[in-house]
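Protein chains: 2
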Amino acid sequence: MFRYPNGKVYQPKEQEVKKKRQQQHPSFTYSNRGMSLEDDLNETNQYYLAHQIAVIHKKPTPVQIVNVDYPRRSAAVIREAYFKQSSTTDYNGIYKGKYIDFEAKETKNKTSFPLQNFHNHQIDHMKSVIRQGGICFVILSAFQQFYFLEAEPLFTFWDRKENGGRKSISSDEINKYAHVIPQGYQARIDYLKIIDKLYF
Amino acid sequence: MFRYPNGKVYQPKEQEVKKKRQQQHPSFTYSNRGMSLEDDLNETNQYYLAHQIAVIHKKPTPVQIVNVDYPRRSAAVIREAYFKQSSTTDYNGIYKGKYIDFEAKETKNKTSFPLQNFHNHQIDHMKSVIRQGGICFVILSAFQQFYFLEAEPLFTFWDRKENGGRKSISSDEINKYAHVIPQGYQARIDYLKIIDKLYF
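Chains E and L supply the protein sequences, listed in that same order. So for the first sequence, the UniProt record's numbering puts the first residue at 1; every next one is plus one. So for the second sequence, the UniProt record's numbering puts the first residue at 1; every next one is plus one.
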């Protein structure tokens, strides 16, 4: 054991980081910490952007604005507005010249991922993106992991539900068809690693 | 002149459409009619989407939500929110496998297009998109036309301003460096025609 002159125990950076991650992610669920799946993805995308790796952003939440106050010329205050359902996925952008499009969802369910997390028009949007030759997928936060599930197998599970089959994807199916996303310190949910493996 | 049995004068569809367009667009400005540049682009993009030509959407207006009321479980009402400045352009999507990214702006100015219509972070975003190999441009509604100006010449004009030069693009420069977008009935601002010419 090595100590600094001030008596503090020396720990190499890497270990410090890992320890911190473990403290932050005791079970990789979002319930007990300040960060959300959206926060982690935004930080990941900011890292990609700052290092000129990719340009991928979350779209703003769609809001129907009904009433706006102008107390001063400079500051408009929205006084009445409503959440609208999005007709697309939440994230899109470009990576190595390719169009990237995805949705991120989480479940606390321990044995399956409920398909009610998705909406019909989102699935339609994903199908349109695939037809145009884009890279389209979903990021699932489930079973203490982040999963990368391509749009095509998702369509299969969706169609099964639409035809009266089960309303969720079982954890076995996810482990078979989805890819576990490596977690990093800077690129927290490093999904481009999976895209590199699958498309480049 | 040909008349229907009910006495109405026959007009071929094409002419009817043209006449209607001329009534709607007496001088191609938005001041005297209900439609905005955004409306025309949304209709154009809806046409592209419905005909599986491209998947391009306007991003929602970014809003900072401060206070939400829940009078009933089903209906959340946003009671205090503020407009935020976007860190990207307003429109993006995919066409023939290529990532498409653009901003749309208009001016009533008759001799030049003011660069104050753009923000530094939008220009930064466009530069990032170009670095990733995307198709990036602006649509300018000016001088009774719609113009397609690629990001690269826009950067040149922007840098000229940043270096103390003129704060606008002259109409001569626009006519030299930008492409006039053909107007149609269904694809009102048919900018993919220009993309076809320049990139495919």
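Just so you know, not all the hints are guaranteed correct.
For identical chains, the list gives no copy identity; a pair is met inside one copy or between any two copies.
Once the Cα atoms are required to be at most 30 Å apart in a straight line, the calculated BS3-like pairs of lysine-lysine come out as [stated by the list, open to error]:
#1 K96 to K167
#2 K96 to K193
#3 K84 to K105
#4 K193 to K84
#5 K110 to K161
Hint data in this document are derived by calculation from the structure and do not stem from the laboratory. Treat the numbers as computed from the prediction; the structure is a model and nothing was measured.
Going down the list of hints, with the structure as the test:
no.: 1; hint: K96 to K167; result: neither (36 Å within a copy, 33 Å between copies)
no.: 2; hint: K96 to K193; result: both (13 Å within a copy, 25 Å between copies)
no.: 3; hint: K84 to K105; result: both (18 Å within a copy, 25 Å between copies)
no.: 4; hint: K193 to K84; result: neither (33 Å within a copy, 32 Å between copies)
no.: 5; hint: K110 to K161; result: within (20 Å within a copy, 57 Å between copies)
In summary, the numbered hints that this structure violates are 1 and 4.
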